[in-house]
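Protein chains in written order, with our numbering: chain A, 1 to 346; chain B, 347 to 750; chain C, 751 to 1040.
Some hints could be false.
As the list claims (entries may be wrong) - Only pairs whose alpha carbons sit at most 16 Å apart, straight line, appear in this in silico EDC-like list of lysine to aspartate or glutamate: (1) B:LYS471 to A:GLU122; (2) A:LYS144 to B:ASP646; (3) C:LYS1027 to A:ASP159; (4) A:LYS144 to B:GLU557; (5) A:LYS144 to B:ASP553; (6) B:LYS466 to A:ASP159.
Think of the hints as simulated: they come from the structure by calculation, not from any bench.
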Amino acid sequence: MAAMARSWATKPHIGLWAIGFWLVLAALPLIGFVTESPSFEYYLFMGQSMLIYAIAVLGLNLLIGFNGQISLGHSAFFAVGAYAAAILMVHASVPYWLAIPLAGIVCFGAGFLFGFPALKLEGHYLALATFTLAIAVPQLLKHKSIAGWTGGVGGVLLDKPDPPAFLPLSVDQFLYYVCLIVAMALFWIVYNLLRGRSGRAMMAIRDHAMAAGTMGIDTALYKTMTFGVSAAITGMAGALSAITVAYVAPDSFTLQLSISFLVGLVVGGIASLPGCLIGGAFIVLVQNSSQSISDWMKDAFSLRYDVPAWAIYGTLLLLLMFFLPNGLAGGITAIRGLFSRATQKT
Amino acid sequence: MLRRRTALLSAAAATFAVPARAEKKYGPGVTDTEIKIGQTMPYSGNASAYGVAGRLHAAYFRMLNETQGGINGRKINFISLDDGYSPPKTMELTRQLVERDQVLLMFYPLGTQTNTAIHKYMNQKKVPHLFLATGASKWGDPKNFPWTMGWQPDYHTECKIFGKHIVANHKDAKIAILRQNDDMGNDYLSGFKEGLGAGWEKMVVADATYEVTDPTVDSQILQIKNSGATLFMNITTPKFSAQSIKKVAEIGWKPIHYLVSVGASVGAVMRPAGIENAQGIVTAQFAKDVTDPRWATAPDYLEWKAFMDKWNPTANQLEGSNVSSYISVHGLVHVLKKCGDDLSRENIMRQAANIKDLEIPLLLPGIKVNTSPTNFYPIRAEQLARFEGDHWTLFGDLISADAG
Amino acid sequence: MEFFIQQIVAGLTNGAIYACVALGLVMIYVSTDHINFAQGEMAMFATFLAWAMIDAGVPYWVAFGLTIMVAFFGGLFIQRVILKPLENAPVLALVVCFIALLSIFNAIAGMIWSFTIKQFPSPFPSRDLFGNGLVSAQQLGVVAVTLVMLGLLTVFFRYTTLGLAMRAAAQNASSARLMGVRVSWMLALGWGLASGIGAIAGMLVAPIVFLDPNMMAGILVYGFAGALVGGIANPLGAVAGGFIVGVLENLVGSYIIGNELKLSFALVMVIGVLLLKPAGLFGRVIVRRV
């Protein structure tokens, strides 16, 4: 796994594949100008969700995949980012494009602070401490002392930003591009971060913290910084989610969300940047497809009960882990490896 | 934009002389043979106990389709999706239903935060957002949200009725409140405050909250008992209603006990809590309690029973949601029948806003459904009931929200 | 004063519940070095099996025994069939498997038995023990069963060869294998035991919180907190941790911060303890070879 990650992050140039892929993503909303399909806007909304989850998974991956700190509490940072953006936009009339990075800064602070106790915790202990964080945050958000800002249990409603007048875009097209630009910027930053000195230090800590320490890496600083950056990235995903859904409420940020991020991460591929995008798409698609499979099974076998979609979801996860324990990106790499070996032989 | 729409709507409603069976006019999701209806429901997650409602609706529409060929010759294609009680998921699924699946309307989506998330969207898209399964009081606002209509008596009103009843009957009581720390708890509390009026300051001696994630409310019950209260206002959801009723009995506390209707299901609360512990509790109802022997021979009860046995056999018939969702589906069927062949979204709202004295099976005698272009609260009256033996027994008169 | 004592008693009862759940977690941790997020749902499922048996007319204690056995073999089965093929998979892949199991158990229980709460009978009478509303037989029973379980487990791990072999298998698999321990089966046995303990926990909890598929969700969090506070590698510590969390949560909730912040308090407690004593209050620091 480590070798795979390293080959990815230290590759000398961004592959043509990656550039092509992002270009395709950028071109998708343009279909809107030729299609008459009323569901197109809905697909764009799904695209926004996928990008948002991909960014959240990217943040988590930086922490887990590249620095070896397990977090089950990233829904908390997602929530803080979403609330920060919503409160800034509603109470301080901050424009959306400024609210997103500001939310990132707030989350960086929160993550950096949480990184200090996390320093002392390893593996399972850290996982469980962050697990409690994920459960505590929704309750903190609705506490009466800050209800004036967070709207208490009712949450905060906000307005979706309008596209600038000079762009002939619909709201959903425009928001898709907002998400895409943020995603591209963050993936690019992370890509460069990982290629540089800090990235090598982060991965050295993951692979062997003590050895990294003896080589003169300030492990405490790097670990807290990574926690902060990871929280900032996930927080910006939260800010985007607040803007695209136009509503934040405590019930939106349950432990279930943290679990979704983790599942997206593992299914996409640990320590893989393209895996983050796969994971983001998986989070959105798999729940909907579980529902469809459930409906189909009910009709096909004329069952008396509904087969619960979550049982199907669980089974899908189990099968994936059985056959692709390194995630889909890992699977793709493995297949590419087979191919290149085969071609070398001939 | 919104205001113009409102004007149009109320103008059209005012001149409701247009015969119902005009020429065919179809909104999205309607054909000569089918009407598509959407819904979001928490089939999973913390609130999954409420999923009962969606299952009943699916069973009812299946029954309509198979025995009567649907409504006015059109089969109902009912799509009910699991949002896990998460607002962003509700938004995504609602957009899927409205934009991709092209449903005619959204019926009985459940939850306050979840409906808040889609409130603005539904009104911008001008899709009927009918008969919401939530008791928040903000759904009856035809001026600003002409496409959204609530259904059941709202929490605020219900607790206001309790407050008034307490002031009239137990004016020396010391009141302790236990409530869920969410929007339901808040709405009930504000109504209670209004109902007590000046009594609020004087009478309330304890106000404890709990979270849905708390394993038990034992500690809270001890706290409020310790306040010296003689009257217990119990604002809880089923699992915690059952826990608190049991705990109150266990510690030998005997307060006058008021319980909100959300937690007053016989099958889901009273029986598990132990009926000997539940004697004398007061609640408010708008629907018949199917365990009350008084209704055992009523035709609407028998009809419901036959339907449940045949079409929804896996459901627990003592669960209160099976009654309230049965009532709500009749509301929708009435609106669709009235629409005749004009199944445009405008006409759906026009008919929904012109229900006159509609009687629905299992509503308490005397309760009639009424709406108008300025009144988007279909059910407005409740009656108090006391738990006696193994069922609720009604007492007093119907209390309507306007009078209350 | 009476109120204070009542809160402590209520806290001890809750604490006993957390302790039971924590014991199951410790069991899996000690014997397989994993943290099983599906522990709560497995316990819930076993409790539903017991409920179904009792509902069908089986006497309580027969159902009790049968359920523990079914749970034991169920745990064994899960380890052999689902987790064994993943022995060499990354840790996170296992975490995802636990999440998958959690979803499956929860959803299937909901499908079969619905999400409406059910009454679960208790072997102990719920009425007052001393006539002053302080301690009920039910509460005392839960505490007693927890302590008995703890005693049995301590004896098992400390004084039996099998217990020693299980500990060895988890801590250093390759050395244990060289000593002739059948490591893979030891792991399976650990799962079986944990699942059995979970079933007992579920059957103790259900009369108090009522049985439904989401019954364990809230409890599991406090169970984790208890295990972490006391030390997750140590049964005695986990039980003590469970009691501490239960009592402090009630006292702090009633007297200091109010009920809204109870869970946040648990979080603070977990992080505080881990910072000061990373192995938990009663844990020993394990020195690692590098």
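Going down the list of hints, with the structure as the test:
Between B:LYS471 and A:GLU122 the alpha-carbon distance is near 50 Å, which puts this suggested pair outside the 16 Å criterion. Pair hint A:LYS144 plus B:ASP646 does not hold up; C-alpha atoms about 46 Å apart against a cutoff of 16 Å. Of the pairs offered as hints, the one joining C:LYS1027 and A:ASP159 is violated, with about 48 Å between alpha carbons and a cut-off of 16 Å exceeded. Distance check on the hinted pair: A:LYS144 and B:GLU557 sit about 14 Å apart at the alpha-carbon level, within 16 Å; holds.
Note on A:LYS144 and B:ASP553: the hinted pairing holds, with a Cα-Cα distance of about 14 Å set against a maximum of 16 Å. Distance restraint check for B:LYS466 and A:ASP159: the Cα-Cα separation of roughly 10 Å lies within the 16 Å cut-off, and the hinted pair is therefore satisfied.
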